[in-house]
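Visitor: Listed here are the chains, written in short residue letters.
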Amino acid sequence: MHKLGRGSRDKVQQFMAITGASEKAALQALKASDWHLEGAFDVFYSQPQIAVANTRHLEELYNRYKEPDADMIMVEGISQLCNDLQVDPQDIVMLVISWHMKASTMCEFTRQEFIGGLQSIGVDSIEKLREKLPSLRAELKDDQKFREIYNFAFAWAREKGQKSLALETAIGMWRLLFAERNWPLIDYWCQFLQVRHNKAISRDTWAQLLEFVKTIDPQLTNYDEEGAWPYLIDEFVDYLKENGLVQHRR
Amino acid sequence: MMNGGGGGGQKKRAPRIEPFRHRVETDPKFFDKSWRKLHDAIREIYNHNASGLSFEELYRTAYNMVLNKFAPQLYEKLTENMKEHLEDMRTCIDAAQGGLFLEELQRKWNDHNKALTMIRDILMYMDRTYIPTNKKTPVFDHGLELWRDTIVRSPTIQGRLSDTLLELIHSERTGEVINRGLMRTTTKMLMDLGLSVYQDDFERPFLEVSASFYSGESQQFIECCACGEYLKQAERRLSEESERVSQYLDVKTHEKITAVVVNEMLANHMQRLILMENSGLVNMLVEDRYEDLTRMYTLFNHVPDGLTTIRSVMASHIKDTGKSLVTDPERLKDPVDFVQRLLNMKDKYDNIINVSFSNDKSFLNALNSSFEHFINLNNRSPEFISLFVDDKLRKGVKEANEEDLETVLDKVMMLFRYLQEKDLFEKYYKQHLAKRLLSGRAASDDSERSMLVKLKTECGYQFTSKLEGMFTDLKTSEDTTQGFYASTSSELLADAPTISVQILTTGSWPTQTCNTCNLPPEIVSVSEKFRAYYLGTHNGRRLTWQTNMGHADIKATFGNGSKHELNVSTYQMCVLMLFNSSDVLTYREIEQSTAIPAADLKRCLQSLALVKGKQVLRKEPMSRDIADDDSFFVNDKFTSKLFKVKIGTVAAQKETDPEKLETRQRVEEDRKPQIEAAIVRIMKSRRVLDHNSIMMEVTKQLQPRFMPNPVVIKKRIESLIEREFLERDKTDRKMYRYLA
Numbered sequence: 001m002h003k004l005g006r007g008s009r010d011k012v013q014q015f016m017a018i019t020g021a022s023e024k025a026a027l028q029a030l031k032a033s034d035w036h037l038e039g040a041f042d043v044f045y046s047q048p049q050i051a052v053a054n055t056r057h058l059e060e061l062y063n064r065y066k067e068p069d070a071d072m073i074m075v076e077g078i079s080q081l082c083n084d085l086q087v088d089p090q091d092i093v094m095l096v097i098s099w100h101m102k103a104s105t106m107c108e109f110t111r112q113e114f115i116g117g118l119q120s121i122g123v124d125s126i127e128k129l130r131e132k133l134p135s136l137r138a139e140l141k142d143d144q145k146f147r148e149i150y151n152f153a154f155a156w157a158r159e160k161g162q163k164s165l166a167l168e169t170a171i172g173m174w175r176l177l178f179a180e181r182n183w184p185l186i187d188y189w190c191q192f193l194q195v196r197h198n199k200a201i202s203r204d205t206w207a208q209l210l211e212f213v214k215t216i217d218p219q220l221t222n223y224d225e226e227g228a229w230p231y232l233i234d235e236f237v238d239y240l241k242e243n244g245l246v247q248h249r250r
Numbered sequence: 001m002m003n004g005g006g007g008g009g010q011k012k013r014a015p016r017i018e019p020f021r022h023r024v025e026t027d028p029k030f031f032d033k034s035w036r037k038l039h040d041a042i043r044e045i046y047n048h049n050a051s052g053l054s055f056e057e058l059y060r061t062a063y064n065m066v067l068n069k070f071a072p073q074l075y076e077k078l079t080e081n082m083k084e085h086l087e088d089m090r091t092c093i094d095a096a097q098g099g100l101f102l103e104e105l106q107r108k109w110n111d112h113n114k115a116l117t118m119i120r121d122i123l124m125y126m127d128r129t130y131i132p133t134n135k136k137t138p139v140f141d142h143g144l145e146l147w148r149d150t151i152v153r154s155p156t157i158q159g160r161l162s163d164t165l166l167e168l169i170h171s172e173r174t175g176e177v178i179n180r181g182l183m184r185t186t187t188k189m190l191m192d193l194g195l196s197v198y199q200d201d202f203e204r205p206f207l208e209v210s211a212s213f214y215s216g217e218s219q220q221f222i223e224c225c226a227c228g229e230y231l232k233q234a235e236r237r238l239s240e241e242s243e244r245v246s247q248y249l250d251v252k253t254h255e256k257i258t259a260v261v262v263n264e265m266l267a268n269h270m271q272r273l274i275l276m277e278n279s280g281l282v283n284m285l286v287e288d289r290y291e292d293l294t295r296m297y298t299l300f301n302h303v304p305d306g307l308t309t310i311r312s313v314m315a316s317h318i319k320d321t322g323k324s325l326v327t328d329p330e331r332l333k334d335p336v337d338f339v340q341r342l343l344n345m346k347d348k349y350d351n352i353i354n355v356s357f358s359n360d361k362s363f364l365n366a367l368n369s370s371f372e373h374f375i376n377l378n379n380r381s382p383e384f385i386s387l388f389v390d391d392k393l394r395k396g397v398k399e400a401n402e403e404d405l406e407t408v409l410d411k412v413m414m415l416f417r418y419l420q421e422k423d424l425f426e427k428y429y430k431q432h433l434a435k436r437l438l439s440g441r442a443a444s445d446d447s448e449r450s451m452l453v454k455l456k457t458e459c460g461y462q463f464t465s466k467l468e469g470m471f472t473d474l475k476t477s478e479d480t481t482q483g484f485y486a487s488t489s490s491e492l493l494a495d496a497p498t499i500s501v502q503i504l505t506t507g508s509w510p511t512q513t514c515n516t517c518n519l520p521p522e523i524v525s526v527s528e529k530f531r532a533y534y535l536g537t538h539n540g541r542r543l544t545w546q547t548n549m550g551h552a553d554i555k556a557t558f559g560n561g562s563k564h565e566l567n568v569s570t571y572q573m574c575v576l577m578l579f580n581s582s583d584v585l586t587y588r589e590i591e592q593s594t595a596i597p598a599a600d601l602k603r604c605l606q607s608l609a610l611v612k613g614k615q616v617l618r619k620e621p622m623s624r625d626i627a628d629d630d631s632f633f634v635n636d637k638f639t640s641k642l643f644k645v646k647i648g649t650v651a652a653q654k655e656t657d658p659e660k661l662e663t664r665q666r667v668e669e670d671r672k673p674q675i676e677a678a679i680v681r682i683m684k685s686r687r688v689l690d691h692n693s694i695m696m697e698v699t700k701q702l703q704p705r706f707m708p709n710p711v712v713i714k715k716r717i718e719s720l721i722e723r724e725f726l727e728r729d730k731t732d733r734k735m736y737r738y739l740a
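Line by line, the protein sequences give chains A and B.
Anchor point for the first sequence: position 70 equals 70 in full-length UniProt numbering, and the numbering is continuous, going up by one each time.
Anchor point for the second sequence: position 237 equals 237 in full-length UniProt numbering, and the numbering is continuous, going up by one each time.
Calculated from the structure, these hints are not laboratory results.
As the structure is a prediction and not an experimental result, all values here were calculated from the model.
You can trust all of the hints, since none of them are fake.
Label pairs and their calculated CB-CB ranges:
| hint | chain 1 | residue 1 | chain 2 | residue 2 | range |
| --- | --- | --- | --- | --- | --- |
| 1 | B | Val-711 | A | Gly-161 | 27 to 35 Å |
| 2 | A | Val-195 | B | Pro-658 | 25 to 33 Å |
| 3 | A | Leu-133 | B | Arg-681 | 48 to 56 Å |
| 4 | A | Lys-241 | B | Thr-294 | 50 to 58 Å |
| 5 | A | Gln-162 | B | Arg-681 | 29 to 37 Å |
Over the 12 Å line for every Cβ pair with chain B, so calculated as not near, a few chain A residues:
| hint | residue |
| --- | --- |
| 6 | Phe-41 |
| 7 | Val-93 |
| 8 | Lys-102 |
| 9 | Pro-184 |
Just so you know, even glycine gets a beta-carbon here, dropped at the ideal spot from N, CA and C.
Chain A extracted, bound-state conformation (with noise of 0.2 Å):
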């Protein structure tokens, strides 16, 4: 804001005023329609998911759920938001809305991803965000970004200041990711992971593990020794093998 003009500022400040919208989406808007504001109305209004933020709404959203000693939305305050969206605090969805938010970690929003994230959604009630749920759920269903919903899983999922990723917390969230995706193998990689393996989970093995799961069959047909694969996934191969649950191939 420090390098625009004053008319420019201006601009932004009215801008903000009237469509509720955040200083990053006015300057947004403002840009593409080389400042002028009548057309940057138009670009912002064009966009399908602003056209309803209130930046108000939102704030009273946000402080009915907020802790009451803490500037957090923490466990309670979500359970609560979960009941009032009737869905289960479990819901992948929450996943989703999680992702929207660019929440750090899970069973927590600050303000500003819990307002960000409602924004980037383009909600600013509980009811319209009721409304927007099947839409959010199949957003899991283009590849795209169920990639980046579950690479951000990984981090989300963490505890804070842990590198890598617990294990049953890694194996709740694959069930919960992998239901979607209905990946025949998910029972035997946790099972072979709870057997063998019974260390956290790092980030690389995290993000193969989607590329495994996109590229290999479930009969291991086009599996590849030589083919870089983290030494968790060889040894779930050979764990499959060892066990007969993968037909033999010569």
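With chain A fixed as given, assemble chain B onto it according to the hints.
Guide: For chain B alone, coordinates are given in the frame of chain A:
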């Protein structure tokens, strides 16, 4: 006649003088007469009656005939005439019986050659003039052609000639004596008639017949002969054929007949011969049959893939023998013997390759890779080789003179080169060297240093720098001890035992956990004085007594009056000194007083009480095992021939299983940072590299020290990704990228 002119005024014709023409009457009988002369002369020539003829006259006759343009007819008549004579000759030859056939043929051939020479001379003019211009065959060659067509290729003679020659050769092959001179002249005759005559009429059938002969012979021999015998026979046949060629065949046949024998006798039976049970290559190797091996090598050198086959059979055999050697549990009981057997085996094959296989490099390479293969099948090889060296360096020049020791160590270095886990060897060598140095058992400083130099040459400076540090420490310690005694007043040290201190720099020596041990008070006193002295001059250092590594000399007086000087370990010293204040002690009491850990203490007591000839203590009960309540007494009946008695030198022994496990674990741990360092080094220079290439490069870089396990490399890569030294490429998951 002169023409006169009539009338007046007519032209006058100049008189012409014309050359005088002899009116030569062309004698219509000229040709016939001339020819008759020549015809008769030729007859006489063929009848061995040439002496009465006049060469000059005959030559002139022919000359005139040619001059008078009768050359074509002359040539024709000549041809006819010679044919007639040849036909006569043929009849004679046909009539010859059996053995006389070749003789007759040869006789007639000589006659014909002689005749031809004379005829050619007579007809020399025609040869020089008519023949070249009309592109006719010169007389001599023509005569040979006529011989060829009329005699050699005549239906009655052609087959007979070939058969006769081949029969004779066959007889000779089966041991009979034949007329070689006759053979020679006959084959020479064929050669003179033209290479194609020799080849078509003799050489080709000869090679065919030889092939079937040797095919038959080889079948026969291979059924009943051992390999060595068979090869002798083949060799014999080859030299026989060589001789045959030089005696009575054309030199060009040599290569061909050799090929036939080689093919029939060797190439066709190669596998069967080399692999023959109880007499083939393996058997020859086992029994060091140099002569047979040399023969086999020389013979199979002629066969395509012959040497390759021998080499690979030898290599498998070495691998198999080696494998059974290194995996035989009996052999593993004695490490020194184990290594000695390996050395013996290497010597054996070095000799064989040197003597019988003309030091063929490819065979030496096969030997090396076979050894490399099986030596690494036993993962204790590095330990055992170190123990072997330890044994030799302890005995030093006592057993073998310096040269021999050097030779043995050089040979051991050959084995060392085969090891894949050189870092494991290094660990053991360090341990064993430490024990040698500290117990004063290194026999020869020169030999120790020589061994270090060999290792340095092989593996580089880093390998031996710590080892050299160990030697340095000892030297420095000597100086320090001297300094201690020089600077400490003699009163203070009056009754104290003399100590010799070795100060070991922690990094250079193998890590040892230090155990508890209560030293006798006399020792404590002087050693603390030393500590004070040392720390006085070396600030900031920490000294820890390694009681499990020292030794002591104790003067002992036994009940029976015998006095001895006992050379014992520190632990043993602690135990023995206790008996200065008690006559009898139970195990429990000893354990309490000395605070030495149980396993070590028990071993120590066993070595003092149960080893024949060294029983300075008596144990009740006499059982091997030590129970808490067992009692120990000084053995007052102790005797020994020697004044100085060495007790239980803790020579380096092969590790117990738990120790083995620990060493291996340590080595594996040490390898991880080395692998990571290699990965980082490679990625730093290449920036971006794919998975397989990294694996290859890392293996290549680390090979001189050990063979990295691919799974471990992978895990290290992942660890580096985790720590953000590397990342996977965004688009190609098989590529890694270096993160600065």
